[in-house]
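> With the hints as extra help, turn the sequences into a complete structure.
There are 2 protein chains.
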Amino acid sequence: MNHQRGKQSIVFSNRPYVVGAAAVVGVKEGQGPQRKWFDFILEDDIFGEKTWEKAEGKMLKKAIDLALGDGRVPEKQVDLLLGGDLINQLMIANYAARDLQIPFLGLYGACSTMTESLIMGSVFIDGGYASNAVCAASSHYCTAERQFRMPLEHGNQRPPSAQWTATASGSMVLSGRRSPGRNIRISAATIGRVVDPGIKDVNQMGAAMAPAAVDTLLTHFRDMDRTPSDYDVILSGDLGNIGKNILIDMMEKQGCPVTEQYNDCGALMYTDSQDVHSGGSGCGCSASIFSGRVIKEMRQGTLRRALIMSTGALLSTISSGQGESIPGIAHAVVLEAEGGE
Amino acid sequence: MNHQRGKQSIVFSNRPYVVGAAAVVGVKEGQGPQRKWFDFILEDDIFGEKTWEKAEGKMLKKAIDLALGDGRVPEKQVDLLLGGDLINQLMIANYAARDLQIPFLGLYGACSTMTESLIMGSVFIDGGYASNAVCAASSHYCTAERQFRMPLEHGNQRPPSAQWTATASGSMVLSGRRSPGRNIRISAATIGRVVDPGIKDVNQMGAAMAPAAVDTLLTHFRDMDRTPSDYDVILSGDLGNIGKNILIDMMEKQGCPVTEQYNDCGALMYTDSQDVHSGGSGCGCSASIFSGRVIKEMRQGTLRRALIMSTGALLSTISSGQGESIPGIAHAVVLEAEGGE
Chain E
445 MNHQRGKQSI VFSNRPYVVG AAAVVGVKEG QGPQRKWFDF ILEDDIFGEK TWEKAEGKML
505 KKAIDLALGD GRVPEKQVDL LLGGDLINQL MIANYAARDL QIPFLGLYGA CSTMTESLIM
565 GSVFIDGGYA SNAVCAASSH YCTAERQFRM PLEHGNQRPP SAQWTATASG SMVLSGRRSP
625 GRNIRISAAT IGRVVDPGIK DVNQMGAAMA PAAVDTLLTH FRDMDRTPSD YDVILSGDLG
685 NIGKNILIDM MEKQGCPVTE QYNDCGALMY TDSQDVHSGG SGCGCSASIF SGRVIKEMRQ
745 GTLRRALIMS TGALLSTISS GQGESIPGIA HAVVLEAEGG E
Chain F
445 MNHQRGKQSI VFSNRPYVVG AAAVVGVKEG QGPQRKWFDF ILEDDIFGEK TWEKAEGKML
505 KKAIDLALGD GRVPEKQVDL LLGGDLINQL MIANYAARDL QIPFLGLYGA CSTMTESLIM
565 GSVFIDGGYA SNAVCAASSH YCTAERQFRM PLEHGNQRPP SAQWTATASG SMVLSGRRSP
625 GRNIRISAAT IGRVVDPGIK DVNQMGAAMA PAAVDTLLTH FRDMDRTPSD YDVILSGDLG
685 NIGKNILIDM MEKQGCPVTE QYNDCGALMY TDSQDVHSGG SGCGCSASIF SGRVIKEMRQ
745 GTLRRALIMS TGALLSTISS GQGESIPGIA HAVVLEAEGG E
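These protein sequence lines map, in sequence, to chains E and F.
Taking our numbering, I'd label the letters of the first sequence as residues 445 to 785.
Taking our numbering, I'd label the letters of the second sequence as residues 445 to 785.
If you're looking for bench data, these hints aren't it; they were derived computationally from the structure.
One should not assume that every hint holds.
One copy or two, either will do: identical chains are not told apart, so a pair holds if it fits within one copy or between any two.
The calculated DSS-like cross-link candidates involving lysine-lysine, where the alpha carbons are at most 25 angstroms apart (straight line), are [stated by the list, open to error]:
| id | residue 1 | residue 2 |
| --- | --- | --- |
| 1 | Lys480 | Lys520 |
| 2 | Lys498 | Lys644 |
| 3 | Lys472 | Lys498 |
| 4 | Lys506 | Lys697 |
| 5 | Lys494 | Lys644 |
| 6 | Lys520 | Lys472 |
| 7 | Lys451 | Lys697 |
All values reported here derive from a predicted model rather than from experimental measurement.
Here it is as structure tokens:
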């Protein structure tokens with residue numbers, strides 16, 4: 445059976461169920477406008493651990509445990525964990541996978557990891573290659589800043605275009621079998637290509653990612669023969685305030701305006717008064733808003749069909765040091781709420 | 445349709461074809477005993493580039509281009525690139541994906557990346573979610589050493605248990621349709637769990653990975669109701685000389701001896717006189733021997749059924765610095781040669 449639509453899009457014939465989901469966030473994220481949608485808010489970003497990395501690992505595992513609890517899926521019934529994070533060699537996800545003892549496939553897509561894991565998880569579930577799969581992604585301000593930019597102790601000034609790496613983990617449990625009262629399904633997806641607009645400033649990530657996001661959106665609408673109005677919401681993550689406006693402009697110029705339905709997780713995560721400059725970033729930002737707010741809104745009936753798209757800036761500290769530009773990538777997933785509860 | 449056998453293994457009903465494959469290696473690897481199986485041997489490990497990282501990116505792209513040529517699959521007919529490398533933020537694979545403009549899903553499994561990509565590629569092809577997929581992995585001695593251990597200029601002494609990161613890239617093209625004269629198929633796979641024997645010495649990677657490899661092998665034989673004698677060859681990569689012997693001992697103790705069919709890519713890559721101590725490592729080591737030697741031997745008819753298993757040591761420079769142990773993981777894939785040419 446051919447599930448392909450065009451070269452990059454997939455239609456799922458069995459439409460995997462999202463039976464459980466959870467979002468765990470840090471202190472600052474818990475003070476922001478999305479507060480009520482999160483399942484667990486840390487009292488302290490060190491989360492009782494000795495290092496920021498161990499704290500992030502504990503946060504990711506907490507998000508997975510809560511999602512499994514939400515879906516009433518025992519850990520031993522999970523066949524597959526798909527996930528990743530921003531820390532070198534996927535340190536956070538690796539240690540979470542060690543603690544969970546679930547068969548594990550590690551992914552790196554920078555901030556595009558959440559939808560990357562959802563696409564792979566959906567393929568495994570839809571085709572009968574796994575019965576229950578956990579998809580997860582995580583980021584932490586304190587682990588990411590010291591790896592990608594400066595040690596926190598350095599106290600360096602951030603330019604206005606900089607984004608704030610969210611301390612956040614999100615997780616969804618996909619299954620071939622629906623749970624009682626749950627009816628959110630993954631119906632389609634579009635896998636992104638790497639698009640490089642040639643930007644070399646690591647504090648301009650929104651601009652570096654926006655063209656990839658536009659490429660994936662246009663491809664999605666063409667492959668699926670749909671328009672933006674076919675969706676209640678189109679949510680990217682995380683272009684931030686600058687990247688969001690670039691995307692809106694570019695889509696307008698392409699004759700495919702998205703203004704009505706569109707928003708960005710990086711733009712939604714914090715208020716202006718939280719001093720995060722161009723908004724949130726980090727793969728946990730979109731992971732926590734998709735796993736927290738979007739899933740809850742679909743369960744409540746305020747959203748019926750959502751196009752969620754995590755976006756990644758594929759820079760590394762090495763490539764930046766070697767004068768390379770920052771390529772972007774974006775993967776999109778269609779979530780559909782079915783019936784009432 | 446349920447393709448699962450046990451919790452961790454998959455049987456592919458359509459058995460994807462490996463229609464093309466290629467291995468590109470560095471100078472030292474081209475002087476070793478596997479020389480005749482490689483498709484392209486670098487004259488200089490810098491490969492005409494300004495940095496080791498750019499050289500590795502060019503090497504990975506070369507392996508992909510050669511594999512596509514071997515399979516007579518035009519680049520524009522490839523729906524999906526699955527791959528990874530050892531360098532922070534998957535820098536090598538990201539830039540190769542940018543140059544190729546193929547929809548891309550980045551993976552990190554340390555040295556287990558080649559079979560991780562083959563499992564995912566097989567699931568996409570087998571279920572009709574992609575028509576042609578490229579699976580690839582890469583490592584380079586000079587990029588890996590300075591990231592994980594010491595700058596080469598430091599000239600530090602390596603302990604006898606250390607392994608030598610191979611300068612090598614391997615790539616396979618999977619397809620739902622066979623090519624004329626080609627008849628190698630992927631029939632099954634086993635996804636590994638993270639197993640941590642508690643080893644903290646980054647120069648004892650074979651010992652850190654062997655228990656994960658044993659776990660995956662025993663699970664594979666149990667799930668598939670098979671024994672080692674069902675395979676012409678069982679090839680791990682890359683436990684090196686020490687890890688290989690640990691695996692042999694452990695399998696013997698578990699009542700499942702593998703001595704007759706078993707070898708390790710790290711043990712095969714170099715001769716003793718090449719001064720690499722405990723053998724080869726790096727995800728390119730197993731990727732190049734699987735994509736080079738195993739595929740060619742299957743085409744020649746000297747191998748009919750092979751169990752290939754890449755093994756990963758999930759350490760990071762950060763986790764080692766924080767006193768964490770090194771978890772291991774291993775994923776296994778069954779290759780079958782069908783009929784004559």
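> Please go over all the hints and tell whether each is borne out by the structure.
A quick look at each hint next to the structure:
1. Lys480 with Lys520: neither (30 angstroms within a copy, 46 angstroms between copies)
2. Lys498 with Lys644: This pair counts as between: shortest inter-copy Cα distance 16 angstroms, intra-copy 31 angstroms.
3. Lys472 with Lys498: within (19 angstroms within a copy, 39 angstroms between copies)
4. Lys506 with Lys697: Neither: 43 angstroms inside a copy, 37 angstroms across copies.
5. Lys494 with Lys644: between (35 angstroms within a copy, 18 angstroms between copies)
6. Lys520 with Lys472: neither (34 angstroms within a copy, 45 angstroms between copies)
7. Lys451 with Lys697: Close inside one copy (24 angstroms), not across copies (49 angstroms); limit 25 angstroms.
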